[in-house]
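Asks: Please put together the full structure from these sequences, using the hints given.
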Amino acid sequence: MDVQTWTYILVGITFTIYIGIAIWTRAGTTSEFYVAEGAVNPLVNGMATAADWMSAASFLSMAGLISFMGYDGAVYLMGWTGGYVLLALLLAPYLRKFGKFTVPDFIGDRYYSDVARTVAVICALIVSFTYVAGQMRGVGLVFSKFLEVDIFWGVIIGMTIVFFYAVLGGMKGITYTQVAQYCVLIFAFMVPAFFISLQLTGSPIPQIGFGSTVTDGSGMYLLDKLDALHTELGFSEYTSGTKSMQDVFFITVALMVGTAGLPHVIVRFFTVPKVKDARISVGYALVFIAILYTTAPAIAVFSRTNLIETVSEQPYEEMPAWFNTWEETALLNWVDKNEDGIINYKPGAAIVGAPNISRDGILEINRGANNQVLLLNEPTANENELYVDRDIMVLANPEIAGLPNWVAALVAAGGLAAALSTAAGLLLVISTSVSHDLIKKQFNPNISDKAELMYARIAAGVAVVVAGYFGINPPGFVAQVVAIAFGLAAASFFPAIILGIFYKKMNREGAVAGMIAGLLFTLAYIIFFKILFPELNTPENWWFGISPEGIGTLGMILNLLVSLAIGMIYPEPPQEVQDMVESIRYPK
Amino acid sequence: MSEERDLKGYWKKNLKYLGILLTIWFIVSYGFGILLAPTLNEIRFAGFKLGFWFAQQGSIYAFVILIFVYVYLMNKLDKEFGVSEEDV
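For the record, the sequence lines run as chains A and B. So that you can map any letter, position 197 of the first sequence is 183 in the numbering used here, and since no number is skipped, the others follow by simple counting. To convert, count from 1 in the second sequence and add 16; that's the numbering used here.
Some clues are possibly wrong.
Distance condition first, Cα-Cα at most 20 Å in a straight line; then the derived EDC-like pairs of lysine to aspartate or glutamate [what the hints assert, rightly or not]:
no. : chain 1 : residue 1 : chain 2 : residue 2
1   : A       : 83        : B       : 22
2   : B       : 24        : A       : 210
3   : A       : 83        : A       : 568
4   : A       : 490       : A       : 18
5   : A       : 574       : B       : 101
6   : A       : 83        : B       : 102
7   : A       : 260       : B       : 102
8   : A       : 574       : B       : 22
9   : A       : 491       : A       : 562
10  : A       : 516       : A       : 568
11  : A       : 86        : B       : 101
12  : B       : 32        : A       : 568
13  : A       : 83        : B       : 96
14  : A       : 574       : B       : 58
15  : A       : 260       : B       : 58
16  : B       : 24        : A       : 562
17  : A       : 490       : B       : 22
18  : B       : 29        : A       : 568
19  : A       : 86        : A       : 565
20  : A       : 574       : B       : 96
21  : B       : 28        : A       : 568
22  : B       : 28        : A       : 565
Pairwise CB distance ranges (calculated) [to be verified]:
no. : chain 1 : residue 1 : chain 2 : residue 2 : range
23  : A       : 550       : B       : 98        : 27 to 35 Å
24  : A       : 342       : B       : 34        : 22 to 30 Å
25  : B       : 60        : A       : 3         : 41 to 49 Å
26  : A       : 180       : B       : 98        : 42 to 50 Å
Source of the hints: derived by calculation from the structure; they are not laboratory data. Backbone N, C-alpha and C fix where the C-beta goes; we use that ideal spot for every residue, glycine too.
Replies: Here it is in structure tokens:
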């Protein structure tokens, strides 16, 4: 059977499972809808958190990004796992003891202010919407690559599925679907990794494999071989990286703190019965996440080595069949600058902009002297002739390694599971923010539970449609959009929650001023470099050498300083708030 | 339960644990993985340069261990100070 048939079968089976679970776990009350009645087993919650957390970016893009960044890829690996230590030690147990439904709930009650609550709701909405758009885009990409469905219809199908189980089941439905999605995505990620590790190094465990010797009989360590290949072609050593140390530092902090401040991750720890469960649940979550996150750097090394060995200095005519498949999707392209028929892979961009295939009419692709797909793009002046999209490192991995078709189809099902599980968690945050934090807490406190539940469902429905729109018309690239969400979460929520728990005298004036300052500063810096003046986005123009990806760290520091400074001017919080802070510090 | 519990003592000890664990957290990731990585890369560990290994593998393992150590310490602390959710 071909990859496409396998993909239809696997995607069909997994979608049926998700819908089945959604029907089985319908929510009947707001407590079920918001926090699954706070009755989720900590191990189950850990698994659901892992699926909630690992998005299309983690599954499809991360290993590819790392394989092009080398050592610098550590910012993602450490940044997206280290935050769980902060979550376990500084946030989860206390927020669980607080025992309400949402992050704005905590901010609003702790800072005894509807202004603070509203600022928190706005932050939650901005963060969640930017993040969910990326997921919908991921769904669309998988559909278009594997099932040859238009991105538009891919997004529509994804929206329908998420709509079904998020609107029907709320947190309860999402939790159990996420458990199923975790199983699908981790299986899909690990199977190709095992095979490729075995092929390249003789060790089936990728974490060990990429530190072993290669099986070609040379007795060389894989990483040494890759470093040598890199040096030979003029790239910087794989194990050294190119980013400045302070930028690596700042990006890692922003991603870690952002992780700990993401509302869709935090709310997962409202769903377990006890404080004790919240602590251990973060531990389980990180174990499940670490399985993928320690495998990704190994996949990065394997696929990088495979790619260079297959294409570099080789005649185009001898390329395997997959090369042409990916050429036609404009993800892997060759421009024969010196017209020697040999692929020269060197540092630098091969062409100006993203590949734009030259066509005769609508369908017929124009081909060059070696039958390669021709591009309309202007070639660059350097020697590099190869354009490689980062995403194909995971998508094409099974084909490059010559694995059976069902493995490639599995990757598609896994990518969808990763994107859908994260999208559902985010949609829940959006719907809860509207129905609970805005409607119930601010406009109509006397609303009945049933009516509130209805508003939650309507809000989730509207959010799905908006997210779908952004998925079809994305505001920038997936990875960039996600980077914004982290910076904003780091600069807004994290300091306000930490101060709220660990500094009893922190008052509403300080917290609100801090959140607004952190949010505006971070947003302004990112918009300036990413949207208004992308041509200025180079290290010479950055403040203290910090890229827009890392600026959330500075935003967080600014938030802390402003909070503390403004907080000193105004009176300390009322006694009952201080008593509340006291009470959340003790499990009982 | 009505007897006076030493809540201040509990909180102080909690903060002490946090201080120690977060220091280790900082050292393995920002220390070994970033600031000291160029130096540690001189040392080999199987096929890995040590700084590179900490940045892409070791720090993640350390994070997992840190959380489980924290859970163990806190469960013990809860019992010691009578704030555990179990003893009613």
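Asks: Hint by hint, note whether the structure agrees.
Replies: Hint check results:
1. 83/A <-> 22/B: holds (19 Å)
2. 24/B <-> 210/A: Given pair residue 24/B, residue 210/A is violated - Cα atoms ~54 Å apart, limit 20 Å.
3. 83/A <-> 568/A: Cα-Cα ~11 Å, so holds.
4. 490/A <-> 18/A: violated (32 Å)
5. 574/A <-> 101/B: Roughly 6 Å between the alpha carbons, so the hint for residue 574/A and residue 101/B holds.
6. 83/A <-> 102/B: Roughly 14 Å between the alpha carbons, so the hint for residue 83/A and residue 102/B holds.
7. 260/A <-> 102/B: Holds. Residue 260/A to residue 102/B sits at ~10 Å (cutoff 20 Å).
8. 574/A <-> 22/B: Satisfied, since the Cα-Cα distance of roughly 13 Å is no more than 20 Å.
9. 491/A <-> 562/A: With a Cα-Cα distance of about 12 Å, the restraint between residue 491/A and residue 562/A holds, given a limit of 20 Å.
10. 516/A <-> 568/A: violated (43 Å)
11. 86/A <-> 101/B: Satisfied, since the Cα-Cα distance of roughly 18 Å is no more than 20 Å.
12. 32/B <-> 568/A: The hint holds at about 17 Å.
13. 83/A <-> 96/B: Judged against 20 Å, a Cα distance of about 19 Å means the pair holds.
14. 574/A <-> 58/B: Between residue 574/A and residue 58/B the Cα gap is close to 50 Å, so the pair fails against 20 Å, i.e. violated.
15. 260/A <-> 58/B: With a Cα-Cα distance of about 46 Å, the restraint between residue 260/A and residue 58/B is violated, given a limit of 20 Å.
16. 24/B <-> 562/A: holds (18 Å)
17. 490/A <-> 22/B: Distance ~18 Å between residue 490/A and residue 22/B Cα, so the pair holds.
18. 29/B <-> 568/A: holds (15 Å)
19. 86/A <-> 565/A: holds (16 Å)
20. 574/A <-> 96/B: Status holds; Cα separation ~13 Å.
21. 28/B <-> 568/A: holds (13 Å)
22. 28/B <-> 565/A: holds (17 Å)
23. 550/A <-> 98/B: 27 to 35 Å: holds (34 Å)
24. 342/A <-> 34/B: 22 to 30 Å: Since residue 342/A and residue 34/B have Cβ atoms about 53 Å apart, the given range 22 to 30 Å is violated.
25. 60/B <-> 3/A: 41 to 49 Å: holds (46 Å)
26. 180/A <-> 98/B: 42 to 50 Å: holds (49 Å)
When the structure is compared with the earlier hints, violations turn up for hints 2, 4, 10, 14, 15, 24 and for no others.
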